[in-house]
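S.K.: Here is what each chain is made of, one letter per residue.
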Amino acid sequence: MFDAFIQGLFVVLQWKAFLMMLLGIFLGFWVGLLPGLGGSTTLALMLPFIYKMTPEEAFAFLLGMHSVVSTTGDITSVLFGVPGEGTTAATIVDGHAMAKKGEAGRALGAALMSSLVGAVIGALALALSIPVVRPLVLTFGAPELFMLAVVGIAFISSLSGQGGRSLLRGVLAGLLGLLFAMVGEDPQAGVQRFTLGQLYLWGGLDLVPVLVGLFAIPEIVDLAVRGTSIASDLPKGDLGKGVWEGIKDTFRHFWLTVRCSLLGTFIGIMPGLGGGVAQWIAYGHAVQGARSDEERKGFGKGDVRGVLGPGAANNSKEGGALIPTIAFGVPGSSAMAILLGAFFLQGIMPGPDMLNKYVTLTFSMVWTLVIANIITVAASLLFLAQLARLTLVRGSILIPFILFLAFIGSYTSNNHLGDLLVFLFFGGLGYLMVVCGWPRSPLVLGFVLGKIAENNFYISTIRYGSAWLLRPVVLVLVILTVAVIVYPLLPFRRTSAPAGRA
Amino acid sequence: MRAGEVRFLLALAAALIAGYALYASLHWPFRTALFPRVIAIPLLTLAIIEVGLTLFGSEKNREGHAIDFELTTDVDPVIARKRTLGIFSWTLGFLALILLLGFPLAVPAFVFLYLKLAGNEGWTLTLLLTALSWLFMGRALRPPPPPSLSPRLAFCAVRLRLSADSSSRHRPIDLGRKAFSPRKDHLDREPYAC
Amino acid sequence: MIRFKLAVFSLLFLLSPVFSQAAEFSGKTLTIVVGYKPGGGYDRYARLLGKHLPRYIPGNPTIVIQNMPGANSIISANHLYSVAKPDGLTIGTFNNALVVAQLIKVEGVRYDIAKFSWIGSVASDAVILALRSDLPYRTAEDLRRAKEIIIGTTGPGSSTHDFPSLLKEFAGINLKLVPGYSSSSDIMLAIERKEVDGRAGSYDSIIPFIDRGLVRPVLRNRLSVPGIEKLPVDEELATTPKGKAVMAINAAPTAIYRPYVAPPGTPADTMKVLRDAFAKVTMDRELLAEAKKTKMGIDYTPAEQVLKVIHEVLNQPPEITKELSKYIKFGD
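Protein chains in written order, with our numbering: chain A, 1448 to 1949; chain B, 1425 to 1618; chain C, 69 to 400.
Only chain A is shown next, with the shape it has when bound in the complex (with noise of 0.2 angstroms):
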């Protein structure tokens, strides 16, 4: 195995399949960077010219494009507010409002080596665990995935703020997104719920125009009520620097952001979570990170460790996403799915095989996960104090060009005018609820989980009545839910500690 693991890397050096990988490369930073041109959907479209390829080149192209993503995305998401990718969202958050606070330069840094740390340990876990990968895939049934989802649901209190009143909304929050994800037909029995007579609404609603309307909308009617720039108050020191700064940050944070990637990683690895959960919880969990009351409130207004955290973990699902589908030829996202399409293409059926017959193929996919993220994140370094400078141009003119990215960002996620209008809606929504202090990540996580649980729990039910109560798993997650929820609560922690370094 380790020398497959050393011709894995040579088969990525040929000088073929690297020129492959640097053309995805290439296509990715673009796909990630605009909103709406998805990285799903690009994978589609590439897949008819890899028929002619041979394997390396063509897994060496197509991971290669599709491992960016996720990098670039956060770049979007950091300096305009709207985010590249469905899967970068959580990175607006303290991301973009450590731009308004002049330090873009620091979270693109912050951003992109987190991204770049995330991938690594993804693509470790990756190599690491193919021999594991099986027993531990098998025991997560339904029941575990139910938990898990609940899990993540429970890290609702610890996104929602200090004080009986901010609980209280940030549950509330929380529920409502629950209650839109109930949206669309009901597996169990066919019926349409809350579809309002529309067959846009059958497939529920999509999760790419709700978030970008919760979290552009609020920011465009900021930037336009402020009247300046992005960055309003003068840059803290050259932006230039700042990118050294918030590459310095990730290893500050160091075992936040391994972390988060480990979050980001198993998530990744059980299929049916989606690639939107990583990121909202590994926020919540660096959220859970702030020691004092000062410091919780320090985040959703520029906290460094909301950044590393989501930044992470939405590049180490990608490794995670990938063990299943080599391993069991189930995808675990959907551009997992059409990657799996490619497999076929080039008459490789994954499963037990991958680990065996073609191992030498996987390595070289952990590798270019690795290298390509490498690549990007060194090409993105060149030029990222002067992406941090658009931070600088007068809000005036950025902002057509940013409503104009999330409408487009929207539409193409079904071609269709319902995506405006959920657009429009949930950036109302979005904007009322910045208003009224109600956080907004609670609803999001609700909404990315509400399914999720729902279906799982059917399953379990109608599989195994009652008694995947009794599985040490799922009690395991009970205990944990528990921990979750009860954490920020804890009143040791509310005493002022020394104040934290954020």
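Treat the hints as calculated values from the structure; they're not laboratory data.
Incorrect hints may have been included.
[To be verified] Some chain A residues close to chain C (C-beta under 7 angstroms, calculated; not the full set):
id, residue
1, A1491
2, L1583
3, L1585
4, Q1635
5, L1643
6, L1646
7, L1792
8, N1862
9, I1906
10, R1910
Fair warning: this is a prediction, and the values are worked out from it, not measured in the lab.
For each residue, glycine too, the CB sits at the ideal point set by N, CA and C.
Got chain A sorted already, so can you dock chains B and C onto it with the hints?
M.R.: Chains B and C in isolation, oriented as in the chain A frame:
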């Protein structure tokens, strides 16, 4: 509208949404209704509590600090309100432009209008950025299909259904004309292209 | 003079199909509307066709794919029926089961599938029931005697659910349906986990797992494709003639698995061009090679046959339709 009133309205809206959810679930089979009800009942309860608190509880501005950004307070509230209404109007206007012109034209049009009218930018910059956005729409992005417009749909549906039975528009004699003239001329006289 | 004009006119009239054919498509863009998002089966077929079709259409138009997902392709069907122009520059593909949706009067259906200008179908597919290989069931009798077989589904309205649902009702097999899986491949994982025993669905999508040895096909619907001819057919296991008829209607659309239509009222000569193009492209060597590599079956059914299938489904007696709508819902 003061912050207190907005808070009241949002909480009320949440309560109404929960109420609607419960109402809609009345006739659903058990499994279909379970989760929505389990969610909507606490939502309704807590929303009512929040409604009560907004009316009777006192809350200094920004007391309940959410882990989220807060809108800027540096700007004079009157100006802030004007600008807020302004940007919302522009956003809705953009939507109207998209519906009327389709994305490829609406984007440069919006860029132009906004930069000129709201931004008061100079002509050079405005025209340059408009041109850039027009190129971008045409080249970089394959123009997305236009969103369907309901009156148009209704109009075309009726019209096509009427003509589909007779298939009158495409009798053989038309072929003679087609060789000489573009086919679409008779369609231009109609309010909607079907 | 008049005779001369008449002569010219009739000459041009006779030749105009030639002019109009080339004039219709050269320099133009032909749009294929797909009722699903990119990456799915319908989309892949459309892109494959889009790559090879221009050669077979005089005038060599550019072909563009437009994805219009929503409501299990009902939105795209409605669009193709009422909004798209019948000038031959827009064609589309949608779920083959939409004929059933029309039959059971699903709300939101605003098309009449028989009135489309049909091109044909480029593939047919069998629906099978596959069970985990280590289970002892091999024959239909085994299945009947089994106490309970657990089948994972994605929810009503998909073949993963409807096929076993009808088997349970009408063939007396003790299937327990567990709906809620987010995709059919998640069900495969559940099979490996022994959470469920098997799954139903399109043969093409299950083949990789049969080859891997994870599952074994046990039953099929009336369509037979190489490899599963010998399997028992669901209709033969039906215990009542009503059940048999219901299963038959459910199975009928799979013969036109990848349907292609033009909007109603597209002129006959344009339709001829399109139909010829499709008939020829589905025999094109390059396309077939590419399709084989990606495991996409190609099997052209011309428009007349498609319409026969459609009329067979739509002309069901009302009791059968009522029975069908009890078990078949239309989903996303």
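S.K.: Take the hints in turn and mark each one as holding or not.
M.R.: The hints, checked one at a time:
1. Interface restraint check: A1491/A against chain C, minimum CB-CB distance 4 angstroms, threshold 7 angstroms, status holds.
2. A least Cβ separation of about 11 angstroms between L1583/A and chain C goes past the 7 angstroms threshold, and the interface hint is therefore violated.
3. Annotation: L1585/A was flagged as interfacial toward chain C, and the flag holds, the nearest CB pair being 5 angstroms apart, inside 7 angstroms.
4. The interface hint given for Q1635/A holds, since its Cβ lies 6 angstroms from the closest Cβ of chain C, which is under the 7 angstroms cut-off.
5. For the restraint placing L1643/A at the interface with chain C, the shortest Cβ-Cβ distance is roughly 12 angstroms, beyond the 7 angstroms limit, so the hint is violated.
6. Restraint check, L1646/A versus chain C: the minimum CB separation of about 4 angstroms is within 7 angstroms; hint holds.
7. This hint holds: L1792/A has a C-beta 5 angstroms from the nearest C-beta of chain C, less than the 7 angstroms allowed.
8. For N1862/A, the suggested interface contact is upheld, since its CB lies about 6 angstroms from the closest CB of chain C, less than 7 angstroms.
9. Of the supplied interface hints, the one on I1906/A holds, with its beta-carbon coming within about 5 angstroms of a beta-carbon of chain C, less than 7 angstroms.
10. A hinted interface residue such as R1910/A counts as satisfied when its beta carbon comes closer than 7 angstroms to some beta carbon of chain C; here the least separation is about 5 angstroms, so the hint holds.
Hint check: violations occur at hints 2 and 5; the rest are consistent with the structure.
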